[in-house]
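We have chain A already, so just place chain B on it with the hints.
Protein chains: 2
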Amino acid sequence: MNKKKSIGIFDSGIGGLTVLHSIISTLPHENTIYVGDTARVPYGTKSARMVTQYALEIGKFLSDQQVKALVVACNTASAVALPKLKGVFNIPVIDMIGPAARKAAHSSISGNIGIIGTEGTIRSGAYERSLKEINPDLSVVSSKCPLFVPLAEEGWVDNDIAHLTATCYLEPFIDSGIDTLILGCTHYPLFKETIRKVMGDHITLVDSGEEAACELKELLEEMGEKEEGGTIERRYFVTDTPERFLKLGQRFLGEEIDQVSHIDIP
Amino acid sequence: MNKKKSIGIFDSGIGGLTVLHSIISTLPHENTIYVGDTARVPYGTKSARMVTQYALEIGKFLSDQQVKALVVACNTASAVALPKLKGVFNIPVIDMIGPAARKAAHSSISGNIGIIGTEGTIRSGAYERSLKEINPDLSVVSSKCPLFVPLAEEGWVDNDIAHLTATCYLEPFIDSGIDTLILGCTHYPLFKETIRKVMGDHITLVDSGEEAACELKELLEEMGEKEEGGTIERRYFVTDTPERFLKLGQRFLGEEIDQVSHIDIP
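Heads up: the protein sequence lines correspond to chains A and B, in order.
First residue of the first sequence? That's 64 in the working numbering, and the numbers climb one at a time after it.
First residue of the second sequence? That's 64 in the working numbering, and the numbers climb one at a time after it.
These are computed hints drawn from the structure, not numbers from a lab.
Each residue gets a CB set at the ideal place from its N, CA and C atoms; glycine is no exception.
Treat the hints loosely; a few may be bogus.
[Unchecked claim] According to the in silico footprint, chain B covers these stretches of chain A (three or more CB under 8 Å from chain B):
| # | stretch |
| --- | --- |
| 1 | 90-104 |
| 2 | 110-124 |
| 3 | 206-214 |
| 4 | 219-231 |
| 5 | 300-310 |
[To be verified] Incomplete in silico selection of chain B near chain A, CB under 10 Å:
| # | residue |
| --- | --- |
| 6 | Lys109 |
| 7 | Met113 |
| 8 | Phe124 |
| 9 | Lys195 |
| 10 | Ile197 |
| 11 | Leu201 |
| 12 | Pro213 |
| 13 | Ile224 |
| 14 | Asp264 |
| 15 | Ile266 |
| 16 | Leu268 |
| 17 | Thr302 |
| 18 | Thr304 |
| 19 | Glu306 |
Isolated chain A (complex conformation) (with noise of 0.2 Å):
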């Protein structure tokens, strides 16, 4: 084991895996500990309150491991749960939800914003206020695509039902005047290519992870804790048997997962 601290990530299930595949892209010398809550996946369509009691026991954990910073790579838990993970652990926080609505508001021209997430995320509000809250003058359509995540892990995501679902999920955003869609889930990258063919080529897709890698970046090099070199540990934790987790995930991080171990939690 290395003396280096590592980046502490979550999710509830393997969705924020695309969130740790853009983090290993983007600051490939970092340690990794990775909590999957898949004894109680998914987040998208349960209450604030449970969503939030969940976050707050996974990163306790993490902070228990000395993690020097923790990604909240859900974006239904950074909808709802932020502001209590915030205020509960001393360590910075990087959620979904800033970073991706940052990136949005500045790639934008026409200043019409396309969301489209979880149950939960989209009835939090949670994209719409933070682009509100960096241009009042935005005008922002959401919409919630609860099939997206079962048909990711089904693995079905360009064939004719992934092509139909998506046609009838973004039907709201045709017409719309929109130029820029934020994949408000962290499942939603794998549909990038049939969401083109469906929107065309002219939509800005902005793909919440890789936004939220990039600010990891920066906040770690402000702290003077981004490192450099040396080898590196990948960790993997999950709340229910590791099976389905070893072989679903490798399509979710591009690399290969060769050991997880189970945790109780709480």
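Here is chain B on its own, set in the frame of chain A:
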């Protein structure tokens, strides 16, 4: 509050309401207490260990309410947790697997039976074991249909997406010689028409909730505990906040749900 003992029914969420619907049709004078474990839904993708723990916790809550019988209105929990539930609680336990398997074995003329269910139910092999115990010569084909649960909750049970998904999932049964198909998940009865369109009218569809309700009726008659009249009470408890259950429940139950209470489990 009347003095009748209630029937306790539980599921991971709202799917078990199709079972409650069958119980209400078959046993209209019984008091019922329904628990939906909406804080931890779904069970279908989770491990046997986790689902068993959850089922025991909810079984304890219902047992503490002095129910006269416990209905495991969830195929996944029935498939993995039944022996533990029967061993722990001193009341009759009705599951989804046994009644549906008996009906299918009785109905099939060709001896070729199909099963569809969640990942957890299919992986457990519980239906296959139950069918082979009844008749070792039965030939069994099974297929997991993970998208059916979120499709049912989205209300997409007979549109193009549902039809394409059903065509994909039911492909293993075409030309397999089955004459009977077990709908081994409480969400699936909502797809009866779509499944008939794909499979044809000559296939007998076995609804696990309907069969469990019939066996519950026989059991209460044997016990001398079947109610024949009087006022009835329907109580509903969920482990997450009630909003989503209230909103979606009616479609699954087929009648209005006017009050749902939150409980913390464990």
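*What are the numbers of the hints that this structure violates, sorted from low to high?*
8, 9, 10, 11, 14, 15 and 16
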